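Engineer: Residue-level listing of the chains:
Protein chains: 2
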Amino acid sequence: MTSPVLLDRADLHASLADPALLSMNFLNEVAGRYPRAISFAPGRPTEETFDVADLHRYLDAYARHLAEDKGYDEVRVRRELFQYGRTKGVVHELIARQLQLDEGITVDPEAIVVTVGAQEALWLVLRALRAAENDVVLAVTPAYVGLTGAARLLDLPVRSVPEGPHGLRPEDLLDRIRAVRAAGERPRALYLVPDFSNPSGHSLDLATRRRLLEIAAEEDILLLEDNPYGYFRAADGERLPTLKALDTGQRVVHVGSLAKTCFPGARVGFAVADQRIAGGGLLADELSRAKSMVTVNTSPISQALVGGMLLEHGGSLLRANERPIAVYRRNLDCLLKGLERRFSALPGVSWNTPSGGFFVVVTVPFPVTDALLEDAAVRHGVLFTPMRHFGDDARSARQLRLSCSYLTTNQIESGLDRLNDLIAEHLRAAPDA
Amino acid sequence: MTSPVLLDRADLHASLADPALLSMNFLNEVAGRYPRAISFAPGRPTEETFDVADLHRYLDAYARHLAEDKGYDEVRVRRELFQYGRTKGVVHELIARQLQLDEGITVDPEAIVVTVGAQEALWLVLRALRAAENDVVLAVTPAYVGLTGAARLLDLPVRSVPEGPHGLRPEDLLDRIRAVRAAGERPRALYLVPDFSNPSGHSLDLATRRRLLEIAAEEDILLLEDNPYGYFRAADGERLPTLKALDTGQRVVHVGSLAKTCFPGARVGFAVADQRIAGGGLLADELSRAKSMVTVNTSPISQALVGGMLLEHGGSLLRANERPIAVYRRNLDCLLKGLERRFSALPGVSWNTPSGGFFVVVTVPFPVTDALLEDAAVRHGVLFTPMRHFGDDARSARQLRLSCSYLTTNQIESGLDRLNDLIAEHLRAAPDA
Numbered sequence: 035m036t037s038p039v040l041l042d043r044a045d046l047h048a049s050l051a052d053p054a055l056l057s058m059n060f061l062n063e064v065a066g067r068y069p070r071a072i073s074f075a076p077g078r079p080t081e082e083t084f085d086v087a088d089l090h091r092y093l094d095a096y097a098r099h100l101a102e103d104k105g106y107d108e109v110r111v112r113r114e115l116f117q118y119g120r121t122k123g124v125v126h127e128l129i130a131r132q133l134q135l136d137e138g139i140t141v142d143p144e145a146i147v148v149t150v151g152a153q154e155a156l157w158l159v160l161r162a163l164r165a166a167e168n169d170v171v172l173a174v175t176p177a178y179v180g181l182t183g184a185a186r187l188l189d190l191p192v193r194s195v196p197e198g199p200h201g202l203r204p205e206d207l208l209d210r211i212r213a214v215r216a217a218g219e220r221p222r223a224l225y226l227v228p229d230f231s232n233p234s235g236h237s238l239d240l241a242t243r244r245r246l247l248e249i250a251a252e253e254d255i256l257l258l259e260d261n262p263y264g265y266f267r268a269a270d271g272e273r274l275p276t277l278k279a280l281d282t283g284q285r286v287v288h289v290g291s292l293a294k295t296c297f298p299g300a301r302v303g304f305a306v307a308d309q310r311i312a313g314g315g316l317l318a319d320e321l322s323r324a325k326s327m328v329t330v331n332t333s334p335i336s337q338a339l340v341g342g343m344l345l346e347h348g349g350s351l352l353r354a355n356e357r358p359i360a361v362y363r364r365n366l367d368c369l370l371k372g373l374e375r376r377f378s379a380l381p382g383v384s385w386n387t388p389s390g391g392f393f394v395v396v397t398v399p400f401p402v403t404d405a406l407l408e409d410a411a412v413r414h415g416v417l418f419t420p421m422r423h424f425g426d427d428a429r430s431a432r433q434l435r436l437s438c439s440y441l442t443t444n445q446i447e448s449g450l451d452r453l454n455d456l457i458a459e460h461l462r463a464a465p466d467a
Numbered sequence: 035m036t037s038p039v040l041l042d043r044a045d046l047h048a049s050l051a052d053p054a055l056l057s058m059n060f061l062n063e064v065a066g067r068y069p070r071a072i073s074f075a076p077g078r079p080t081e082e083t084f085d086v087a088d089l090h091r092y093l094d095a096y097a098r099h100l101a102e103d104k105g106y107d108e109v110r111v112r113r114e115l116f117q118y119g120r121t122k123g124v125v126h127e128l129i130a131r132q133l134q135l136d137e138g139i140t141v142d143p144e145a146i147v148v149t150v151g152a153q154e155a156l157w158l159v160l161r162a163l164r165a166a167e168n169d170v171v172l173a174v175t176p177a178y179v180g181l182t183g184a185a186r187l188l189d190l191p192v193r194s195v196p197e198g199p200h201g202l203r204p205e206d207l208l209d210r211i212r213a214v215r216a217a218g219e220r221p222r223a224l225y226l227v228p229d230f231s232n233p234s235g236h237s238l239d240l241a242t243r244r245r246l247l248e249i250a251a252e253e254d255i256l257l258l259e260d261n262p263y264g265y266f267r268a269a270d271g272e273r274l275p276t277l278k279a280l281d282t283g284q285r286v287v288h289v290g291s292l293a294k295t296c297f298p299g300a301r302v303g304f305a306v307a308d309q310r311i312a313g314g315g316l317l318a319d320e321l322s323r324a325k326s327m328v329t330v331n332t333s334p335i336s337q338a339l340v341g342g343m344l345l346e347h348g349g350s351l352l353r354a355n356e357r358p359i360a361v362y363r364r365n366l367d368c369l370l371k372g373l374e375r376r377f378s379a380l381p382g383v384s385w386n387t388p389s390g391g392f393f394v395v396v397t398v399p400f401p402v403t404d405a406l407l408e409d410a411a412v413r414h415g416v417l418f419t420p421m422r423h424f425g426d427d428a429r430s431a432r433q434l435r436l437s438c439s440y441l442t443t444n445q446i447e448s449g450l451d452r453l454n455d456l457i458a459e460h461l462r463a464a465p466d467a
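Protein sequences, first through last, are from chains C and V. Each residue of the first sequence is one higher than the last, beginning at 35 in this note's numbering. Each residue of the second sequence is one higher than the last, beginning at 35 in this note's numbering.
Honestly, the hints are just simulated from the structure, not real lab data. Nothing here was measured: the structure is a model prediction, and the numbers come from that model. One or more of the hints may lead you astray.
The list treats identical chains as one, so a pair stands whether inside a single copy or across any two.
To be verified - The calculated SDA-like cross-link candidates involving lysine to any residue, where the alpha carbons are at most 25 Å apart (straight line), are:
#	residue 1	residue 2
1	Lys-104	His-90
2	Lys-104	Asp-88
3	Lys-104	Ala-65
4	Lys-104	Arg-78
5	Lys-371	Pro-381
6	Lys-104	Ala-71
7	Lys-104	Arg-67
8	Lys-104	Gly-66
9	Lys-104	Glu-63
10	Lys-104	Asp-85
11	Lys-104	Asn-62
12	Lys-104	Asp-319
13	Lys-104	Glu-81
14	Lys-104	Pro-69
15	Lys-104	Glu-82
Bound-form chain C, shown alone (with noise of 0.2 Å):
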């Protein structure tokens, strides 16, 4: 019998202790304490409109799919399914087409990387563009903490570059570029959420997308576009173009994700990397090597359950998503009146009014903490995101992200009745705080 191994954490990686990660712990676990709270805290796509059959059909599908359009034998379709396969995915030619259909993208499937979720096609390509100690990555803040983290587990830093109250400013850009050169430092992308973001629920006009495109070519960088709420625009009409399909110079690197317009549980993603290495092929490609490294493929068959769901609505994610982009709407319209009704006239308390996605953020008179949290989720039942966890900037320290997108009409209207008691506890006790 030895005596039993005690780890210390000093001879652990250093980012398995940083705030980062240990945030995404923390809110996990106090959602977890408080099952019966009424949660605004989770980015998670509504369950309205699951169905276990489903993921029957869609294999079934997909499997469909192989045998009548690929012209697959038995054996070779099972062994699409069972087996290992191409590390780059074999969705990829589906991707393509829905990309083409939805967005007006136009791109070669093979610069298309089918990842275990967006989250991993984010840690591939920071680790591909973290070539030398002093490259950088810069993030629009307050940031998405799966970007910080996956940062920190490169040891790669992340300079922030602040939003402005209505979002990005492309000049707050070229100072913050400008001021990390001047330190040495080489920017390799800039990271950012163009279409109803998260945490903040901005969305980029047009004029700032053409301009951001001008900037990274300028300035030698790329722009990693991440887009999970695209489609859940809150209005009818035209969406906005995403950066990748105004991307005439292979400047955007665009990562999708399919767990909020397939479902989380399939956890595929993508990246398209079509911008070319010299000496032959694309960035895809060195992404699919480090890939094959970290999972080696993204599963078959979860690829074949989204597969399956974007065949049944002709290739379009726009189609296969109506009904939960009108629960999206709904959930959405109601949050916004739901806080004008409660809080217009309270001095100090302000929110935006995205015009679509899952966020609205709400700024309080009194600082938003953990401890504040906790107490929310003990006394009031409710539950929601301390933006500290997103930025360290004062305005994030009194502010809150509500999400909208898991829950019912009537779960919300209760959710801010118990806001409503805690602002309001908040505001008696420290009316000038």
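Since the structure of chain C is already known, use the hints to place chain V on it.
Structural biologist: Using the frame of chain C, we list chain V on its own:
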């Protein structure tokens, strides 16, 4: 219109052009180019037992388990399958039970992290253990290229402990640890496949297993035990205990693959990481935090499929694998007898006789290069894996790995005839080479 990006490979992480990552690519690519060659190359499981109907049945079996054994209502069952899930996985209890039943390993389910294949588990462990610039991992070599590749992605040096003709010798490990320390490096763990190793086919005897555990305690390193093939013993009788089954001091991180015992398309593996961290928690929790920033969680649908398969067989992988085990015994026997029949009289040609698993290593009296592999594919219609992809010693340079898991006995016989032609041709051309 801006000029298109042209990325320089020097501006991408060096690992992406590393021989370990290029090897994997090259080997896959050659196999893809000669689909009609008989391939002794891939370490794939047999397809003889796959049936698409099984996937539907496994999914239903798992959903029933959630409803009946866990008491989940319909909404909760849907949520478990469709939504994001617990980062450490949802089939951890089934895996703990399987390890108890089949291996005699008693482990707290909380110490298990369910991963996207064993590859992600390896990567996570290496990520956690690389805390300082001078940290290195030791690997028994010739080594599985997935270990080397994962380490490259982390800039973590791999220091090899060469196998003797009959496998790893503990004294060689001690020598290597001392040499590494003398060079100012800190060895964190030894990677090894104790049963029917990939690529060498070697297994460790019980005395060696016990001695390795002693050395790990004395030298304060961990043993990273990878066990994809342990159930595939060629003869009846007692299996030797895994290192983890003998581990009384939490010196072993045990990595399991369900790719061979269930099916690769699920992409499910796991790590048993029951090492305690000073201040609280288990190494599994640290790995989980890293995982949350790479793949978020392993697809719950993939987990449901392997979970359903386990449930159908009373929780035992040994029982679930009765048919595959028979196939592998038949194939290994056919391969070894076929080698004997064809090559026993040939000077300079020899091979080892593993007691199970997928792989046999053949030594020939001429260099086994990638060019030879191409020639074998083009002119003889046979594929194998040059051992130089797994080790850079003089012995590996004249060795090839034959995998028999994936073939029928007819294919094995024809493949050996073709290999015979190739070898005879080379012996005629350079009898004294």
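Engineer: All the hints need checking, so say for each whether the structure fits it.
Structural biologist: Hints, verified against the model:
Within a single copy, Lys-104 and His-90 get their C-alpha atoms as close as 20 Å, and across copies as close as 22 Å, so both meet the 25 Å cut-off. Taking identical chains as interchangeable, the C-alpha atoms of Lys-104 and Asp-88 lie at most 25 Å apart whether they share a chain (23 Å) or sit on different chains (23 Å). Within a single copy, Lys-104 and Ala-65 get their C-alpha atoms only as close as 45 Å, which misses the 25 Å cut-off; across copies the closest is 20 Å, which meets it. In this assembly of identical chains, Lys-104 and Arg-78 lie within 25 Å of each other by CA distance solely across copies; the values are 23 Å between and 34 Å within a copy.
When the C-alpha separation of Lys-371 and Pro-381 is checked against a cutoff of 25 Å, the pair qualifies only within one copy, where the shortest distance is 17 Å, while the shortest distance between copies is 86 Å. For the identical chains of this complex, Lys-104 and Ala-71 are inter-copy neighbours only, at 22 Å across copies versus 49 Å inside a copy, given an alpha-carbon limit of 25 Å. Within a single copy, Lys-104 and Arg-67 get their C-alpha atoms only as close as 48 Å, which misses the 25 Å cut-off; across copies the closest is 19 Å, which meets it. Proximity of Lys-104 to Gly-66 under the C-alpha cut-off of 25 Å is restricted to the inter-copy arrangement: shortest distance 17 Å between copies versus 45 Å within a copy.
For a Cα distance limit of 25 Å, the shortest separation of Lys-104 from Glu-63 across copies, 21 Å, qualifies, whereas the shortest one inside one copy, 45 Å, does not. When the C-alpha separation of Lys-104 and Asp-85 is checked against a cutoff of 25 Å, the pair qualifies only between copies, where the shortest distance is 19 Å, while the shortest distance within a copy is 28 Å. Taking the shortest alpha-carbon separations for Lys-104 and Asn-62, only the inter-copy value of 21 Å comes in at or below 25 Å, while the best intra-copy value is 42 Å. Only within a single protomer do Lys-104 and Asp-319 lie at most 25 Å apart by alpha-carbon distance; the minimum there is 24 Å, versus 43 Å between protomers.
For the identical chains of this complex, Lys-104 and Glu-81 are inter-copy neighbours only, at 20 Å across copies versus 33 Å inside a copy, given an alpha-carbon limit of 25 Å. Proximity of Lys-104 and Pro-69 under a CA criterion of 25 Å is satisfied inter-copy only: 17 Å between copies versus 46 Å inside one chain copy. Within a single copy, Lys-104 and Glu-82 get their C-alpha atoms only as close as 33 Å, which misses the 25 Å cut-off; across copies the closest is 22 Å, which meets it.
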